[in-house]
Amino acid sequence: MPEETKKPDEKNGRNGGLLGQFKGDLAALKTDLPAKAKEQVELLSKPTKTQLYTSIFRHKHDDTPRNRALGVLSNVFLHLHPAKINRDAVRYSYTWGMGGITFYLFFVLTLTGVLLMFYYHPSKVQAFRDVLYLEHDVPYGKLLRNMHRWAAHLMVIAVELHMFRVFLTGSYKKPREFNWTVGVILLVLTLLLSFTGYLLPDDQLGFWAVTVGTNMARATPLLGHEGPFGSQLGMTPYNDVRFGLLGGSIVDANALLRSYIWHCIGIPIIASVFMIVHFWRVRKDGGISGPAPVVLDSEIKEAKK
Amino acid sequence: MAVPESDAVKPKPDAAKSPAAGDKDPTKYVGTPAVGTSKAAPAGGVASVGPEPSEANEGRRRLVWCAVTAFLGAWFIAFLRFFLPRTLFEPPTVFKIGYPSDYALGVDTKWQQKYRIWVDRTPDRIFVIYARCTHLGCTPDWKAGENKFKCPCHGSGYDSEGVNFEGPAPRPMDRANVQIAPDGQIIVDTSRLYQWPKGQQSHFNDPGSFLPV
Amino acid sequence: MDWKQLWEILSAPDNVPIIAMIPLLAFYIYLGWKQAHANDLLIDELAANPGLAKTHHRKTWPFKPGWQKEVHVWPFLLRIEFLAAIIVTIILMVWSITLNAPLEEPANPNLTMNPAKAPWYFLGLQEMLVYFDPWIAGVVMPTLIIIGLMVIPYIDTNPLGGGYYTWKQRKFAISTFLFGFVILWVSMIFIGTFIRGPGWQWFWPGQTWDHNRLIYEVNRDLPDIFGITSNLWKGIFGAVVVGGYFVVGGLLTNSMFRRTNPKDYKRMSLLQYSIMMSFFLIMVALPIKMLIRLLFHIKYVWITPWFNV
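Residue numbers (numbering that gives the first Met the number 0), protein chains in the order written: chain A, 0 to 304; chain B, 0 to 212; chain C, 0 to 308.
FYI, nobody ran anything at the bench for these hints, they're computed from the structure.
Okay, derived cross-link-like pairs now, DSSO-like style, lysine-lysine, Cα gap no bigger than 27 Å in a straight line: (1) C/Lys265 to A/Lys300; (2) C/Lys262 to A/Lys173; (3) A/Lys172 to C/Lys68; (4) A/Lys45 to A/Lys59.
Label pairs and their in silico Cβ distance ranges: (5) A/Ser230 to C/Met92: 51 to 61 Å; (6) C/Arg78 to A/Asp284: 17 to 27 Å; (7) A/Val124 to B/Gly166: 36 to 46 Å.
Just so it is clear, CB atoms sit at the ideal spot from N, CA and C, and this is done for glycine as well.
All chains, full assembly: derive it from the sequences and hints.
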């Protein structure tokens, strides 16, 4: 900052004083600018020390135990994990990773699904044509549709393998009983997601699969018009539980729209709520159940009745 | 990773104390039992914890991260391209509007609802005005009583030939390509428009912008 | 042996996941069994050697004294999770590039495909429609399966086996689950995908799917075999048969359970035991009903004016 300038005094008059000041500013610029430029280059050569960087990444990333823990605990995406886990729980052969794989596939399905929604109209007139349009006229549309369908199949397989593994390792026993129950609900929701999505291309495959499926609904005891005791309770094809599901007595435009909304919004929201509970309970119940040390039968003390 | 070591099952009754620092047993974490503390590396007698920072390891690390970044980058570009479909199903821009003899002098509004155009006949030519205000795109009204087009959105006014004279419109309304079909009807193509930008040359006399009569 | 027909079925895009699931399931059963076996050997050894039982770290993986029991999630768990995500993505992308999702003709309510199959994960239930009425196969069974699964942790009183693979310590639980999952659920899916053809008729692999084949099945109802004609007696007879199944089956299962799982038998409350019994007997009733239908051509066992079983 220019310090010494010619003070505006009466002798030089106002103009002379200002001009003098201006000349002084220019001279100061000549010396200060290079110094400032050098300072700036030095600052930018250490990007991790800039205010921008440190405001985003609040902790150091060198390899100390404290930073390893912080890297997980203070990260919004990762802090579901604990800071440390049992050394043997890292082994793939114990957990099979199926829970995590299921969640990853859910994320892939959401992403591909949202993209597919940009080109799909849930109306009888357009649905089938939109799928053809996606496959032929939209760049990468075919790939996206394939990814969505196969990820859905993989997710059903993964969720069933996850259930299988949790059963084999007895990870539903105390205190994890409730989490198993939540998991069964998630299994049902996964199957329902797949089922509602099946109808959306409005092709013969989807249409008849859903017809077969919802025809079972009319056979519900008490609530279906063809189920035991249904007609006695006044159930007809126009007010029974199947009607409520389809929005009509036939699989038509209303059924398509309802399927679309359940598939894209309704069930994902419900499933997200249950997933939140499910992941939360894993941590609260003590994390991954094992591998735990084996217990001998002789060591079990019978609880006093 | 999946094979349980059978030697761990053999009896080991000696409860060994923590081994001396500097022990290079590859099955141990460095710095045992200081693992997890800030003293891990010196307690293990090595320079740092984790895989050694060798050239090969640096190279492998770089390769993996480059591959992941390239993959995600390719996905991102595909994501962008996904939003631009190759074909569209929009209303046709080429259509017939009858014979020149169907139109009297002046402005004819009979195709305004269907095709968004006015047919304008002057003593020496027939041309088609595309009914879009050049200000912000509203559809002006033809006020026959006042012999002018008036846009309801911000008040732009155009004369009976579509040339602007009042309001915020920057230039006259565009004119559509017109031709005579083999059967004598007028064919209009609203995907090809002729403009008269302010201060620049007018295209209203280009071939195709009018039909001489 | 119609290879073309076989290939057509196996290469249908929606059938590929099931073809993939079979070896996958086999692999994971093997992985689980391997660890269960190793653990069981360890358990035997520890049971025989109390001194060892006191000092051993009780796992089949290595652990030296002085080792830390826990490792940092970052990097050790996260790098494996990252690797799993990468591998799953690669499998998904390769699969999506090579195989196209199916798209049949536009929906036509007036023309049913033959066979009209539910999505593969519901084929097990669709197979049940052969043996049971829609309200049972389509509503009651799925409900019972869901409730039965949910109830498992609350009726399993065995404190052993929590957190590690074992066969010896949980024989009943594991064999029951394997029966329900692999033998009933998965095989029914397999049958529904590869064996059931036009008209939902049985076609062995390699048999041509002949749409005009007609196998005339003569199925009788159990009361008719016994010459019962009045509706009232049909109802009573059926009730006796079904009730008798539960009673006799229940007593047999009770004897078996009491001998093989004496400790659990003592631990379980009456409610837990009854729930376990009911679900177990209902589950076993499925293959029994399937067998009497396939072998003896018996359709209904219990006939009432309101429902038939």
